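**Student:** Here are the chains, one letter per residue:
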Amino acid sequence: MFDLTDLLIKLIPVFPLLAVIANGLLGSRYSHEVAHRLAWGSVGLSFLCVIGVFADVLRTGATHEVVAYQWIFGGDLTINLAYLVDPLTCVWLLVVTGIGFLIHVYSVGYMHGEAGFTRFFTYMNLFMVSMLLLVMGNNYAVLFIGWEGVGLCSYLLIGYYYDKVSAAKAASKAFVVNRIGDAGFLLAIFLIFINFKTLDYTKVFAQLGQLSPDMATAIALCLLVGAVGKSAQLPLYTWLPDAMEGPTPVSALIHAATMVTAGVYMIVRNHAIFDLSPIAMQTVAIVGGCTALFAATIGLVQTDIKRVLAYSTVSQLGYMFLACGIGAYTAAVFHVMTHAFFKALLFLSAGSVIHALSGEQDIRKMGGLSKKIPWTYRLFLIGTIAIAGIPPLAGFWSKDEIMGHAFVNHQFLFYGLAAIGAFLTSFYMFRLTYLTFYGASRMDHHTEEHVHESPMVMVGPLMALGVLSVFGGLILGFPPEHGWLHGFLAPVAGAAGGHETSVATTLLLMGTATGIALVGWGLAHFLYSLSPSTADNWSAKFQGAYTTLLNKYYVDELYDFLFVEPTKRLGEFLDWFDRTVIDGLVNGVAQMAEWGSAGSTWIEKYVVYAGLNVIGFGNHLAARQGRKLQSGMVHHYAAIIVAGLFLLALVVQLIVQK
Amino acid sequence: MLEELAAGFPILSCLLFLPFVGAAVLWLVDDEDMVRTSALTISLVELALAVFVLLRFVPDSAAMQFAEHVRWIPALGISYHLAVDGISVLFVGLTAFLTVLVIVYSWDTIRHQVKLYMMCLLALETTTMGVFVSLDLILFFVFWELMLIPSYFLIKLWGGGAERHHAALKYVLYTLLGSVFMLVGIALLDLNFHHWAVLRHTDQLYSFDLLDLLAVPIPIDQQILIFWLMFMGFAFKAPVFPFHTWLPDALLEGPIGMAVVLAGLKLGTFGFIRFSIPLLPEASKSHTVVTVIMVLGIAAITYGAIMALIQPDFRRLLAFSSISHLGFVMMGLFALNYQGLQGSLLTMINLGFSTAGLFFIAGFLYSRQQTTHLSAFGGMAQQVPLLASFFLLIGLASIGLPGTNGFVGEFLILLGTFKANWVFGAFAVTGVVFGAAYFLWYYERAILGPLGKSVKNTMADLQLREMVIAVSLAVMILWIGLYPSPFLHIMNGSIQALVDRLDHGTVAVLTEPVQRLDR
Numbered sequence: 001m002f003d004l005t006d007l008l009i010k011l012i013p014v015f016p017l018l019a020v021i022a023n024g025l026l027g028s029r030y031s032h033e034v035a036h037r038l039a040w041g042s043v044g045l046s047f048l049c050v051i052g053v054f055a056d057v058l059r060t061g062a063t064h065e066v067v068a069y070q071w072i073f074g075g076d077l078t079i080n081l082a083y084l085v086d087p088l089t090c091v092w093l094l095v096v097t098g099i100g101f102l103i104h105v106y107s108v109g110y111m112h113g114e115a116g117f118t119r120f121f122t123y124m125n126l127f128m129v130s131m132l133l134l135v136m137g138n139n140y141a142v143l144f145i146g147w148e149g150v151g152l153c154s155y156l157l158i159g160y161y162y163d164k165v166s167a168a169k170a171a172s173k174a175f176v177v178n179r180i181g182d183a184g185f186l187l188a189i190f191l192i193f194i195n196f197k198t199l200d201y202t203k204v205f206a207q208l209g210q211l212s213p214d215m216a217t218a219i220a221l222c223l224l225v226g227a228v229g230k231s232a233q234l235p236l237y238t239w240l241p242d243a244m245e246g247p248t249p250v251s252a253l254i255h256a257a258t259m260v261t262a263g264v265y266m267i268v269r270n271h272a273i274f275d276l277s278p279i280a281m282q283t284v285a286i287v288g289g290c291t292a293l294f295a296a297t298i299g300l301v302q303t304d305i306k307r308v309l310a311y312s313t314v315s316q317l318g319y320m321f322l323a324c325g326i327g328a329y330t331a332a333v334f335h336v337m338t339h340a341f342f343k344a345l346l347f348l349s350a351g352s353v354i355h356a357l358s359g360e361q362d363i364r365k366m367g368g369l370s371k372k373i374p375w376t377y378r379l380f381l382i383g384t385i386a387i388a389g390i391p392p393l394a395g396f397w398s399k400d401e402i403m404g405h406a407f408v409n410h411q412f413l414f415y416g417l418a419a420i421g422a423f424l425t426s427f428y429m430f431r432l433t434y435l436t437f438y439g440a441s442r443m444d445h446h447t448e449e450h451v452h453e454s455p456m457v458m459v460g461p462l463m464a465l466g467v468l469s470v471f472g473g474l475i476l477g478f479p480p481e482h483g484w485l486h487g488f489l490a491p492v493a494g495a496a497g498g499h500e501t502s503v504a505t506t507l508l509l510m511g512t513a514t515g516i517a518l519v520g521w522g523l524a525h526f527l528y529s530l531s532p533s534t535a536d537n538w539s540a541k542f543q544g545a546y547t548t549l550l551n552k553y554y555v556d557e558l559y560d561f562l563f564v565e566p567t568k569r570l571g572e573f574l575d576w577f578d579r580t581v582i583d584g585l586v587n588g589v590a591q592m593a594e595w596g597s598a599g600s601t602w603i604e605k606y607v608v609y610a611g612l613n614v615i616g617f618g619n620h621l622a623a624r625q626g627r628k629l630q631s632g633m634v635h636h637y638a639a640i641i642v643a644g645l646f647l648l649a650l651v652v653q654l655i656v657q658k
Numbered sequence: 001m002l003e004e005l006a007a008g009f010p011i012l013s014c015l016l017f018l019p020f021v022g023a024a025v026l027w028l029v030d031d032e033d034m035v036r037t038s039a040l041t042i043s044l045v046e047l048a049l050a051v052f053v054l055l056r057f058v059p060d061s062a063a064m065q066f067a068e069h070v071r072w073i074p075a076l077g078i079s080y081h082l083a084v085d086g087i088s089v090l091f092v093g094l095t096a097f098l099t100v101l102v103i104v105y106s107w108d109t110i111r112h113q114v115k116l117y118m119m120c121l122l123a124l125e126t127t128t129m130g131v132f133v134s135l136d137l138i139l140f141f142v143f144w145e146l147m148l149i150p151s152y153f154l155i156k157l158w159g160g161g162a163e164r165h166h167a168a169l170k171y172v173l174y175t176l177l178g179s180v181f182m183l184v185g186i187a188l189l190d191l192n193f194h195h196w197a198v199l200r201h202t203d204q205l206y207s208f209d210l211l212d213l214l215a216v217p218i219p220i221d222q223q224i225l226i227f228w229l230m231f232m233g234f235a236f237k238a239p240v241f242p243f244h245t246w247l248p249d250a251l252l253e254g255p256i257g258m259a260v261v262l263a264g265l266k267l268g269t270f271g272f273i274r275f276s277i278p279l280l281p282e283a284s285k286s287h288t289v290v291t292v293i294m295v296l297g298i299a300a301i302t303y304g305a306i307m308a309l310i311q312p313d314f315r316r317l318l319a320f321s322s323i324s325h326l327g328f329v330m331m332g333l334f335a336l337n338y339q340g341l342q343g344s345l346l347t348m349i350n351l352g353f354s355t356a357g358l359f360f361i362a363g364f365l366y367s368r369q370q371t372t373h374l375s376a377f378g379g380m381a382q383q384v385p386l387l388a389s390f391f392l393l394i395g396l397a398s399i400g401l402p403g404t405n406g407f408v409g410e411f412l413i414l415l416g417t418f419k420a421n422w423v424f425g426a427f428a429v430t431g432v433v434f435g436a437a438y439f440l441w442y443y444e445r446a447i448l449g450p451l452g453k454s455v456k457n458t459m460a461d462l463q464l465r466e467m468v469i470a471v472s473l474a475v476m477i478l479w480i481g482l483y484p485s486p487f488l489h490i491m492n493g494s495i496q497a498l499v500d501r502l503d504h505g506t507v508a509v510l511t512e513p514v515q516r517l518d519r
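Heads up: the sequence lines are chains B and L, in that order.
For the first sequence, position 44 (counting from the first letter as 1) is numbered 44 according to the numbering used here, and the numbering increases by one without interruption.
For the second sequence, position 98 (counting from the first letter as 1) is numbered 98 according to the numbering used here, and the numbering increases by one without interruption.
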C-alpha cells in the first residue's frame, strides 16, 4: 500500500546523503556555488519533507514505522534500518532540519572564501544524515549508528582546521571521550537485547512489565553513561569546551542545538525504562543539577566568547537532564527546543562578531561593538535575554517550567541548584554582552578599521532565530504546563507530574525566577558597566577561587594525571615486558629447539621415519617439497617437527592408554 | 572417484593450482614488466574464479559445495578432498582479492628480484587457498606447512628491516612449533576414528576427512586433549596472546605485501572455527576451555590496545592492534552462540579489508618517507589529502565505526559474548574506547597538525595504482558496513549448523554425514 507519509519519511535522510555523495566525490570538480546550493538545498528539501510528515502526525496522531531495508540478521537477531516517527521524533526533526537549514544558509556567508569550503559542507551534510538517523531510528542499533555518526562528524568538524595542533587535539579528545559514553551505551543495548530479545523500541517498551527493577536500573544507568558522554555532562563534559576549535556554525549546530541534545532525546525516548528505576532517575537529576551549576561557575570568568557559550551549553544541558531526572520530560524537550533557538542565535551572532573582528575571540580585546555592528548586537542581546530567563522570551518559559516542576514536587535541593544556576547564567551572559558590545573599544587599531556588519546571508538566519527566541516559548509552552507542546507530546512523554498547582504558586515561582534573572543582570551591569574596577578588585581579592575557575577546576589536568599518563606509562612498561620477558622466553625456547635439532636429526634418520610414516607422511611430503626449493633450512625444521612429534606421540599414547 | 569429479567442473582445484602453475610459468619469463603483467593477469583470473564461486555459491546452506574428492592414500584414509561452505568460501574470495591488491601495490615498490617475489606471492596464494578449501586434515596440514616456505623467503629477501632474517626465522619456528602439537592432535583424531571403525566393522579403517571425523563421537577427555594440541597450532599462528611476539617482528621487518597477507588472512582463528569447534564441541564448551580463552581474549584486547597506544611506528602499532582484534575474534568464537560465531567470522573477513588496508596505507607512507615511524610524519593532510582521507576511512573501519564493516562484526561479537557471559562481554567493551584512542592519537600526530620537519612539501598524493587499492578497500568497507546482507546470507547456513552441532554435541550426529551438494 502506498503511503505518502512513509515515502516522505524515507526521503528525509536521503537528500543530505545525496549531497554528501555528490560534494564528497565530485566537489572538487565544480565551484563553491554549486557545492553550497546542494548542501543547503538538500537540507531545505528534508525540512519540507519533515513539514509534510509533521502535518500528518499532527492531523492523525498516528505513529509511523517504516522499514528501509534489513541490515543485520542471523539467529535470533534481526536489525532493520527502520524509522519510527511519533510526536517526539517530529519535534526533533523540526529542530534538526529547521535550525540545520538556517545554519547551513548562514555558513554560506561565514565560510566564504575558505579553502575547505566544500569539505565543510560535506561534513555538515553528513552530520545531518547521522543526526536524522539518530532521531528517526526505530531501534537501538540505528540510534547507535546515528549516535556514533554524529560523533564522527563532530570529530571531523572540530578538526576542520586540521593544521592547528589545538584543533587536532580537541577533535581526538571529543571522539575518545564520547567513545567512553558509547561503550556504556553499547552495554545498555546488550542488556536490552538479553532481556527482551529485540532491539525495536515498540517491542521493548511493550515488554517492560516483566523487567525487574534491578535490571531496569542497570539498563538505565548504562544508557545514562552514553547520554552523559554525548551531552557533555559531569564527568565527561571536558570535550565540549575544547570542541569550540571548530568553525562557529559547527558550534551552533552540533555543539549547541542538536547533537549534544541527543542524550536528552535518548533519555526521553527511554523514559519508560527510567521511570522503573528511582535510583537511575535520582542519578540523572543529580548529574544534571550538578552540571548545571558547575559549568555555570566556570562560565563566570572565561574570556573566550565561544568558551563562555560552551560552558553555558553544558550548563543548560544540565537543566535538561535535571528535568528528565525529576520526571519533567516535556519540560526537558521544551528546553531543548528553546535552547536550540537562543543558543544557535547566540553562537551565530558570536560568529558574526568574530567574522567582523577578523577572527578575534577574546572578549578582553572587544568592547563598544554595539554601534558598529548593530544588527548583530540586537540579536545577541535577544539571545542573552532569552537565555537569562527574562519573560516573555523563550528561555524563561522552559526554565521556569523545570524549576517549577522541581518546586511543586518538593525537590527543593534541585530547585536550589537550578535557581543558583539561573542567577549565574544571567550574570555571565550579561557580563559577556557588556564586555563585547559596551564600554570603550579594546580592539587594536588594525582590527577596528575592518569591523563590518555581516552580509545578509548571515544576518537573515540570525533574524529568524531571533524571532524564534522571542516568541518560541510563548507559542510552544504557554500557558505553563498546558501549552501546545504538552498536548502534542502527551502520548510519548507521559503526562506532566501529578501535582496540580494553584495560579498563585505559579505566579510566585515565575516572579521569583524573573527576579533571580534580573538580579544577575543587575550585578553584571554594576560590575561591567557602572564600576568596572570592582570586577578587577574582586578577582584580585579572591585570587585562589578566580584562578581555579579560570583553569576550569583543573579537571583536564586531573584526568591527564589519573587516566592518560598512567595508561601511557603502563603501555611503556608493557612494551618493555613484551620485548624482554615474553620475547625473552620465546628466544630461550627457540635456542633450545636449535640445540635439540642437532640431536633430533640423528633420531630422525635412524628411528623416526620407519615408525611414523602414518602420521608424518604429510609433513614428510612438505619437507620434500620444500627441499626442492631450498635444501638445508627446511630440512632442518622438518627434523625438529618430526623429532618433537615423536616425543609427543609417546607422551600422548601413554596418556591415552592410561 | 571419477564420478565425483565428473559431477562438475573442478573449479576449486583450478583455484588452488592456478597461482602455483602461474608461478611456474613466470619462471620462464625474463622481462620484468612482463613478469609483473603476467602475475597480475594470473591473480585477476584467480579473482574472477573466486568471484564465480561466490556467485554460484548457494547461500543459507550448510552444505559443502563444489566438493572434489579423490583418494590419495587410501590405506591411511588420506584423500584429496576440497570443498567450501559458508565458513570458508568468503576467505577464498578474500585471498584472491588481497593477492591482486598486493601485486598492484608491489608493481613499483618491489625493485629487485621481481620474478622471484611474484613467484613467492603466487605460491603463497596457492598454499593459503589450500588451507581454506581442504577438508582432509592431512591435506590441510600440508598446505599449512607449505605456506611457510614462500612466507619465509618473502620476509627474508624483501623485508625492509635490518632484523628481517631473525624475523623470518622466528615466524617459521613459531608456526612449526605450534604445528607439531597440532599434528599430534590430528593423529589422535584419526586414531579415534579408527577406534570407531573397528567397533562398527566399517570398510574404511582410517580417515582424516573432516566430514568423516565429524560423524564419530569423541570422548570428552580425548576432546580436551586434542583441543589443546590443536589450540597450540592455531593460537601460535593467529597469534593469540601471549604467543604473539613473532607478529610485530614479522610485520615490521617483512615487506608490506607479506604484512598484508599475515594481517589480513586470519588462518589461526579460521582453524578454530573450521576444525576445533565443530570437531570438538564438548571440549569447546567445557568450562576450563571457555574461561581460559575468554581471559586470553580480554588480555589480548587490552594488552594489544595499550601497547598500540604508545607505539611510534605505525606497523608495530598495527601489529598490536591486530592482536587486540584477534582477542575480539577469539571471544566471539568461544561465546559459542550464533552472534558470536557470526561476528567472529565476519570480523576475520573484515580485518582483511581494514587491518590489511591499513598496512597498505603504511606502505603508501613508506613509499614516501622510507619509514613508518612517527618522526618522519606530521601534518601530512596538507600534502596528501587523498591519502589522509582513505587513511581515516580505513582506520575508522578498524575501530568499528557504524557504517563501516568493522562495526557489524564487532557489534555481533560483543553481543554474542555478552549473551554468553556478561562479565566477559563488559570487559571486552573497553576495547572500543582504547581502539579509538590508539588510532586517533597516531592519526592526529602523523596526519593532522602543522607540517612535520622532515615532510617534503612536494610530496605526491596517491597515484593511480594506489588509488585502485584504496578505492577497492573503501568499497568493500562501506558495502559490508551498510549492506552486509549478502555476506551474512553466505555464512548463515554453516553458522546455524555449527550452533546446532554445539547444542547437540558429537554423540548425536552418528546418523547422517553432512550432505554434499555437488554441482
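Since the hints were derived computationally from the structure, they do not count as laboratory data.
Fair warning: there could be bad hints in the mix.
[What the hints assert, rightly or not] Partial list, computed: chain B residues near chain L (C-beta under 10 Å):
(1) VAL34
(2) ASP56
(3) VAL57
(4) GLY61
(5) GLN70
(6) TYR162
(7) SER172
(8) ARG179
(9) ILE180
(10) LEU187
(11) ARG378
(12) ILE582
Only a predicted model underlies this, so the values are computations on that prediction, with no experimental measurement involved.
We put the CB at the ideal spot given by N, CA and C, even for glycine.
**Student:** Look at each hint and say if it fits the structure.
**Tutor:** These are the hints, each one checked on the structure:
1. A hinted interface residue such as VAL34(B) counts as satisfied when its beta carbon comes closer than 10 Å to some beta carbon of chain L; here the least separation is about 20 Å, so the hint is violated.
2. Interface restraint check for ASP56(B): the shortest CB-CB distance to chain L comes to about 28 Å, outside 10 Å, so the restraint is violated.
3. For VAL57(B), the interface hint is violated, since its Cβ never comes within 10 Å of a Cβ in chain L; the closest pair sits about 27 Å apart.
4. Because the smallest distance between the Cβ of GLY61(B) and any Cβ of chain L comes to about 32 Å, over 10 Å, the interface hint for this residue is violated.
5. Checking GLN70(B) against chain L by beta carbon gives a least distance of about 6 Å; that is within 10 Å, so the hint holds.
6. Evaluation of the TYR162(B) hint against chain L yields a held restraint, the C-beta minimum of about 4 Å falling below 10 Å.
7. The restraint placing SER172(B) at the interface with chain L holds, with a minimum CB-CB distance near 4 Å, inside the 10 Å limit.
8. With 10 Å as the threshold, the beta carbon of ARG179(B) comes within range of chain L, its nearest partner Cβ sitting at about 4 Å, so the hint holds.
9. At a threshold of 10 Å, the smallest CB-CB gap from ILE180(B) to chain L is about 5 Å, leaving the interface hint in force.
10. Annotation: LEU187(B) was flagged as interfacial toward chain L, and the flag holds, the nearest CB pair being 6 Å apart, inside 10 Å.
11. The interface hint given for ARG378(B) is violated, since its Cβ lies 39 Å from the closest Cβ of chain L, which is over the 10 Å cut-off.
12. Taking 10 Å as the C-beta contact cut-off toward chain L, the hint placing ILE582(B) at the interface holds, the least distance being around 5 Å.
When each numbered hint is compared with the structure, violations occur for hints 1, 2, 3, 4, 11.
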